[in-house]
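Asker: Protein sequences appear in the order of chains W and C.
In terms of the numbering used here, the first sequence opens at residue 1 and continues consecutively.
In terms of the numbering used here, the second sequence opens at residue 309 and continues consecutively.
Think of the hints as simulated: they come from the structure by calculation, not from any bench.
Careful, some of the hints might be misleading.
What the hints assert, rightly or not - Listed next, the in silico DSS-like pairs over lysine-lysine satisfying Cα-Cα at most 27 Å (straight line):
id : chain 1 : residue 1 : chain 2 : residue 2
1  : W       : Lys64     : W       : Lys88
2  : C       : Lys573    : W       : Lys178
3  : C       : Lys609    : W       : Lys305
4  : W       : Lys146    : C       : Lys425
5  : C       : Lys367    : W       : Lys49
6  : C       : Lys362    : C       : Lys476
7  : C       : Lys362    : W       : Lys305
8  : W       : Lys178    : C       : Lys367
9  : C       : Lys577    : W       : Lys178
10 : W       : Lys178    : C       : Lys362
11 : W       : Lys128    : C       : Lys425
12 : C       : Lys479    : C       : Lys367
13 : W       : Lys178    : C       : Lys425
14 : W       : Lys305    : C       : Lys479
15 : C       : Lys425    : W       : Lys305
16 : C       : Lys476    : C       : Lys573
17 : C       : Lys476    : W       : Lys305
18 : C       : Lys349    : C       : Lys572
19 : C       : Lys349    : W       : Lys178
20 : C       : Lys349    : W       : Lys305
21 : W       : Lys305    : C       : Lys573
22 : C       : Lys372    : W       : Lys88
23 : C       : Lys367    : C       : Lys563
24 : C       : Lys367    : W       : Lys288
25 : C       : Lys367    : C       : Lys528
26 : W       : Lys35     : C       : Lys362
27 : C       : Lys563    : W       : Lys35
28 : W       : Lys178    : C       : Lys572
29 : C       : Lys367    : W       : Lys88
30 : C       : Lys476    : C       : Lys356
31 : C       : Lys372    : C       : Lys362
32 : W       : Lys53     : W       : Lys64
33 : W       : Lys178    : C       : Lys479
Said to hold, decoys possible - Not the full set, but computed from the structure, chain C residues with beta-carbon under 7 Å of chain W:
id : residue
34 : Leu369
35 : Lys372
36 : Leu400
37 : Val402
38 : Ala409
39 : Met421
40 : Ala426
Just so we're clear, the structure is a prediction, and the values are computed from it rather than from any experiment.
Just so you know, even glycine gets a beta-carbon here, dropped at the ideal spot from N, CA and C.
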Amino acid sequence: MAEETNGSGQPNGNGNGNGKKGLATLIEKAVADGKALQKRALSEAEEYKDIQKTHLWKSVFRVKHDETPRSRSLSVLTNVFLHLHPSKINRDAVRYGFTWGMGGITFYLFIVLTFTGILLMYYYHPTKADAFRDILYLEHDVPFGKLLRNMHRWGAHLMVITVWLHMFRVFLTGSYKKPREFNWAVGVILMLFTLLLSFTGYLLPDDQLGFWAVTVGTNMARATPLLGTEGPLGPQLGMTPFNDVRFALLGGSIVDSNALLRAYIWHCIAIPFIVAIFLAVHFWRVRKDGGISGPAPVVLAGEVKELK
Amino acid sequence: MDWGQLWRITSTPDNVPIVALLFLIPFYTWYGLRQAFANDKLIEELEKNPEMTKTHHRKTLPWKPGWAQEVHVWPFLLRVEFLAAIIVTVILMVWSITLNAPLEEPSNPTLTMNPSKAPWYFLGLQEMLVYFDPWMAGVVLPSLIIVGMMAIPYFDTNPLGNGYYTYKQRKFAILTFCFGFLVLWISMIVIGTFIRGPGWVWFWPGQTWDHNIVVYQPNKDLPDFFGITNAWGKAVIGLAFLGGFGAVTGGAIHKWIMSDDFSKKVYQKMSLLQYATLQFFLITMMLLPVKMILRLTLNFKYILVTPWLNL
Ligand code: HEM
Numbered sequence: 001m002a003e004e005t006n007g008s009g010q011p012n013g014n015g016n017g018n019g020k021k022g023l024a025t026l027i028e029k030a031v032a033d034g035k036a037l038q039k040r041a042l043s044e045a046e047e048y049k050d051i052q053k054t055h056l057w058k059s060v061f062r063v064k065h066d067e068t069p070r071s072r073s074l075s076v077l078t079n080v081f082l083h084l085h086p087s088k089i090n091r092d093a094v095r096y097g098f099t100w101g102m103g104g105i106t107f108y109l110f111i112v113l114t115f116t117g118i119l120l121m122y123y124y125h126p127t128k129a130d131a132f133r134d135i136l137y138l139e140h141d142v143p144f145g146k147l148l149r150n151m152h153r154w155g156a157h158l159m160v161i162t163v164w165l166h167m168f169r170v171f172l173t174g175s176y177k178k179p180r181e182f183n184w185a186v187g188v189i190l191m192l193f194t195l196l197l198s199f200t201g202y203l204l205p206d207d208q209l210g211f212w213a214v215t216v217g218t219n220m221a222r223a224t225p226l227l228g229t230e231g232p233l234g235p236q237l238g239m240t241p242f243n244d245v246r247f248a249l250l251g252g253s254i255v256d257s258n259a260l261l262r263a264y265i266w267h268c269i270a271i272p273f274i275v276a277i278f279l280a281v282h283f284w285r286v287r288k289d290g291g292i293s294g295p296a297p298v299v300l301a302g303e304v305k306e307l308k
Numbered sequence: 309m310d311w312g313q314l315w316r317i318t319s320t321p322d323n324v325p326i327v328a329l330l331f332l333i334p335f336y337t338w339y340g341l342r343q344a345f346a347n348d349k350l351i352e353e354l355e356k357n358p359e360m361t362k363t364h365h366r367k368t369l370p371w372k373p374g375w376a377q378e379v380h381v382w383p384f385l386l387r388v389e390f391l392a393a394i395i396v397t398v399i400l401m402v403w404s405i406t407l408n409a410p411l412e413e414p415s416n417p418t419l420t421m422n423p424s425k426a427p428w429y430f431l432g433l434q435e436m437l438v439y440f441d442p443w444m445a446g447v448v449l450p451s452l453i454i455v456g457m458m459a460i461p462y463f464d465t466n467p468l469g470n471g472y473y474t475y476k477q478r479k480f481a482i483l484t485f486c487f488g489f490l491v492l493w494i495s496m497i498v499i500g501t502f503i504r505g506p507g508w509v510w511f512w513p514g515q516t517w518d519h520n521i522v523v524y525q526p527n528k529d530l531p532d533f534f535g536i537t538n539a540w541g542k543a544v545i546g547l548a549f550l551g552g553f554g555a556v557t558g559g560a561i562h563k564w565i566m567s568d569d570f571s572k573k574v575y576q577k578m579s580l581l582q583y584a585t586l587q588f589f590l591i592t593m594m595l596l597p598v599k600m601i602l603r604l605t606l607n608f609k610y611i612l613v614t615p616w617l618n619l
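Looking at chain W on its own, in the form it has when it is part of the complex (with noise of 0.2 Å):
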């Protein structure tokens, strides 16, 4: 080893005229060796720069991503998550004038939600002791602690919002009629869901506000006709403070740690897990009922038959 460090090419040690022989032919090797490694892994190198010819890129996204029309159809309908739509689309549906967009920004701040409300459950006890320390503790000592809390509230509302808008447009555009009536009725269920999951959501921080608004909330429960002891006939058919609704809401009487408890299993299973539920029957049925409805060529009323 020595000797190849030695810079001059002199043999510094006491060998031989052969072992210098041999020795001149093994540092030659080794060059010429390392030459045509380093001629090969450039060579290699090389066939890496185009990243999607790669075997793991191959192995990944499984098509080419080219611009024939064949490699855009399959980049989206060989991708688990592209599949949701069809390789093409009418030209005008792609126009933010139809749809405004509301569906699809909906279904990402349900995402934007899921993604911060699982970190946020990191940090949270749903218990009487830790809830509202918890917060607090979001709030102060956790790194990004307070954004965290804020994206979700703030994207909570901000879906209420979206939600709204949506139906407002499937409905300027009549966009309920034949043959997405039922699909219009899974987007009622949705909305429904979407306000209960911000509803189920405002006991847990236990503070002052959610507090009361949930006992106010529960507290119309208790006049459910038939099923609550201050509904009609509630009382006539054996109802209580004990076996009610309003007891089955927050299981128990008042509003404490059962209850607590309760809104954190629907706020962070139950409803996120019927909500994804009727999400996949919306799209699958937006699909299946010939993609978007429009927008669609005006008729006159003079050209339906049943009208005439």
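The hints should help you fit chain C with the ligand onto chain W, whose structure is shown.
Answerer: Frame of chain W, contents of chain C with the ligand only:
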């Protein structure tokens, strides 16, 4: 004029969505109706020139012969979605950096909040509590709203306006829906936010909230106007009033539908069940504004008074 308080209400972080609604709802209403009116104009032109119907492509959007009907999702749709995602993320980030989510004192069952307001998207229901008992405002009406909305496609037999904005071809549907959504739902939220103060008392915007206000409102029920005290008498007059209200409202709606040739034709396509459902939901919807007016002008409380329920 108490500008300070108005500003405090407007700038409360939890009220930001409502302030946003105040701009977004009018904007999108205008944005949708503008396209509706443009299409209506096109429809009118086409109806005048039957020749045009054969050649025109029937949209107000630009179109040239030879343009492909369809475009690839990648990139034409996906880039829009990607852009929308970025814009929404930026808005949400800026909003979250500049405004903090509210956190009040720890919950305390012995300390009531006044006013104790529902989250803003339920303020419409809370406002309805002023006009109806909880079983109605909190349970029956919300359920009917949900069921009624789900039923819309099943009783709207008008085949026109499917997939494009139009006002002319769907006047009845658009007007009734906008009345329900904009007037009865959105504006109730605005009232609940900007007008209702402590004790759920009506304070005009800018009027200082008086936390000690006691409003003397001698409520009157329908039978009181007639001096009826007998339980049977109360029930009978209540039911009679409700029946009368249903008949008058239903009749007015019917007349409105019949007043125009087109909606008359749509009506003739409806089955009895469809028409009855439509009427039921519209009459129920109209109960709210009627009770609001009676309440706000005459301190009117109940129409129907029985030992089990009041309406
Ligand atoms: C969580 C809530 C919801 C999500 C994420 C969602 C998502 C979507 C998306 C992405 C579309 C494709 C077109 C577009 O973006 O406008 C769509 C279409 C549709 N949505 Fe929703 N939606 C929701 C709630 C609703 C509600 C509340 C309604 C009605 C009451 C509704 C009724 C419909 C209908 C009828 C279509 C077909 C529209 C057409 O063909 O033009 N959806 N939805």
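Asker: Decide, hint by hint, whether the structure agrees.
Answerer: Cross-check of the supplied hints:
1. Lys64/W to Lys88/W: holds (18 Å)
2. Lys573/C to Lys178/W: The hint holds at about 18 Å.
3. Lys609/C to Lys305/W: Not OK: Lys609/C and Lys305/W at ~50 Å, beyond 27 Å, violated.
4. Lys146/W to Lys425/C: holds (24 Å)
5. Lys367/C to Lys49/W: violated (47 Å)
6. Lys362/C to Lys476/C: Distance of about 22 Å is within 27 Å: holds.
7. Lys362/C to Lys305/W: Holds, at about 18 Å.
8. Lys178/W to Lys367/C: holds (20 Å)
9. Lys577/C to Lys178/W: holds (15 Å)
10. Lys178/W to Lys362/C: Since the Cα atoms of Lys178/W and Lys362/C sit roughly 25 Å apart, the hinted pair holds (cutoff 27 Å).
11. Lys128/W to Lys425/C: holds (22 Å)
12. Lys479/C to Lys367/C: Since the Cα atoms of Lys479/C and Lys367/C sit roughly 20 Å apart, the hinted pair holds (cutoff 27 Å).
13. Lys178/W to Lys425/C: violated (40 Å)
14. Lys305/W to Lys479/C: Since the Cα atoms of Lys305/W and Lys479/C sit roughly 20 Å apart, the hinted pair holds (cutoff 27 Å).
15. Lys425/C to Lys305/W: Distance ~52 Å between Lys425/C and Lys305/W Cα, so the pair is violated.
16. Lys476/C to Lys573/C: holds (15 Å)
17. Lys476/C to Lys305/W: With a Cα-Cα distance of about 19 Å, the restraint between Lys476/C and Lys305/W holds, given a limit of 27 Å.
18. Lys349/C to Lys572/C: holds (22 Å)
19. Lys349/C to Lys178/W: holds (25 Å)
20. Lys349/C to Lys305/W: holds (22 Å)
21. Lys305/W to Lys573/C: holds (11 Å)
22. Lys372/C to Lys88/W: Holds: Lys372/C and Lys88/W sit about 19 Å apart, inside 27 Å.
23. Lys367/C to Lys563/C: Roughly 33 Å between the alpha carbons, so the hint for Lys367/C and Lys563/C is violated.
24. Lys367/C to Lys288/W: holds (24 Å)
25. Lys367/C to Lys528/C: This hinted pair is violated, its Cα atoms lying about 56 Å apart.
26. Lys35/W to Lys362/C: Violated, because 74 Å separates the two Cα atoms, which is more than 27 Å.
27. Lys563/C to Lys35/W: This hinted pair is violated, its Cα atoms lying about 95 Å apart.
28. Lys178/W to Lys572/C: holds (20 Å)
29. Lys367/C to Lys88/W: holds (20 Å)
30. Lys476/C to Lys356/C: Distance of about 15 Å is within 27 Å: holds.
31. Lys372/C to Lys362/C: Holds, at about 15 Å.
32. Lys53/W to Lys64/W: holds (9 Å)
33. Lys178/W to Lys479/C: holds (19 Å)
34. Leu369: Holds, because the Cβ-Cβ distance from Leu369/C to chain W comes to roughly 5 Å (cut-off 7 Å).
35. Lys372: Violated - the Cβ of Lys372/C stays beyond 7 Å from chain W, reaching only about 11 Å at its closest.
36. Leu400: holds (6 Å)
37. Val402: The hint is violated - Val402/C has no Cβ within 7 Å of chain W, the shortest such distance being about 10 Å.
38. Ala409: holds (4 Å)
39. Met421: Where the cut-off is 7 Å and the nearest Cβ of chain W is about 5 Å from Met421/C, the hint holds.
40. Ala426: holds (5 Å)
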